[in-house]
Amino acid sequence: MPTNSLITLAGYSKEKLMYLIAMAQEFERHPNRKILEGRIVATLFFEPSTRTRLSFETAANRLGAKVIGFSDPKVTSGTKGEILKDTIMMVSNYADLIVMRHFLEGAALYASEVSPVPIINAGDGANQHPSQTMLDLYTIYQSQGTLENLEIHLVGDLKYGRTVHSLLSAMRHFNPCFHFIAPDELAMPEPYKKYCTANGIRFTEHKDFNSDTISGADILYMTRVQKERFSDLMEYEQVKDAYLLKGDMLSKARPNMKILHPLPRVNEIEYCIDDTPYAYYFQQARNGLYARQALICDALGITLEDIRNDKTILK
Amino acid sequence: MSAKQLQIAAIENGTVIDHIPSSKLFQVVRLLHLDETTETVSMGYNMSSRKMRSKAVVKVANRFFTDEELNRLALVTPDVTLVIIRNYEVVEKKQVRLPEEIIGLVKCSNPKCITNNEPMLTRFSVINPATGTLKCHYCNHEEELERIKLL
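Chains as they are written, first to last, in this note's numbering: chain A, 1 to 315; chain B, 1001 to 1151.
Possibly wrong hints are sitting among the right ones.
[Unchecked claim] In the BS3-like style, the derived pairs of lysine-lysine whose C-alpha atoms are separated by at most 27 Å in a straight line are:
| no. | chain 1 | residue 1 | chain 2 | residue 2 |
| --- | --- | --- | --- | --- |
| 1 | B | 1149 | A | 85 |
| 2 | A | 193 | B | 1051 |
| 3 | A | 159 | A | 227 |
| 4 | B | 1094 | A | 85 |
| 5 | B | 1135 | A | 159 |
| 6 | A | 240 | A | 159 |
| 7 | A | 227 | B | 1112 |
[Unchecked claim] Covered stretches of chain A (chain B as the covering partner; in silico rule of three or more C-beta atoms under 8 Å from a C-beta of chain B):
| no. | region |
| --- | --- |
| 8 | 12-20 |
| 9 | 107-119 |
| 10 | 125-138 |
| 11 | 149-157 |
Think of the hints as simulated: they come from the structure by calculation, not from any bench. Don't be surprised by glycine CBs; every beta carbon is placed ideally from N, CA and C.
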């Protein structure tokens, strides 16, 4: 198994996370290079995810790599009954790196155990989505100038949202204080609260979502309350608008406060907020490019020093 | 007929697995692949016991299992008694111990786990031996020993 595969950030040290952030900063300065010229990156999307795929493919293309792969699982041989291992073994003959999205949990880890080339997990079912976590960390760092001692408010679906769960784990190194704002039906599950307690992560819980509950936030991380999560649609109708961020709720916000959202946004943030200095979700999406450029290079064994000494930058 | 007469004949050499809860007998047979052995295997089922309400006993002639094989039994019957017999004499008694990692024996109960959809071995780590909690290496789903399904 190549050691450079990225399946989860859970085991990454603080130093490693800061190293990847420093790498992403280099790419933000100069995103267009030929540092991966001659390399081939495969993007295997066994489950469609246009946003994530475009971000990874743009990251590889802007570094000079060529991209192969599929975005529609209907055209893959999986539908003919081919097992995952065979697909991975076949593609690893062609590509230097495989970025894969799969609907089954643990698929990327298994692929990394059988593949002779590194694997980057672009999401495996409800399990892990480390590149989203990396871009969230980068965005928080970029917007606040630090990851240390921040007040982070998580709003909406805290039960099923894997992005917020991964964020808890990745932020454990930086002494955060989390505020969980969710209806009972979508509250942060007990195991994650126990995880916070075991790792010394402070947290509070709220059901109310108003200008007072968010007045102390450095980061306001909004998530989508998804209709399909509710068994009782009456309950959904009652809570869906309670977690809509309205313009007038920002009256008491800290000046440095930034609003993040993994997108797509449906009914969580009023459009008028887009024009305020608090809106940061589109920058967050753009940061996905730099974070993924860093993850691709790290998986291919390219170091921060290599990137700093890179002579292939396109002006 | 002596009151202490054995309900299952003694073996000259081999392994005795005693104090198996009767309901777990066939899982023990599967875990040790006794259905595939050519040696003589004697089994007692629903036997009376001073220690247990109803127990099963298995005597396997001429087989001396490795600790790795025997420790599998901890998955279904952690309080089993293992006795090694040579020349009709007890030469060793052993306890089973839950291994740190369990490969290819337990089914993951998460239907969306890769191990339930790909021809591959399952892999669990024991994250809490006291409560008997296992964690799937692939999907991170947790299982309680009392509820596991063997493959």
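### Task
Determine which of the earlier numbered hints do not hold for this structure and return their numbers in increasing order.
2, 4, 8 and 11
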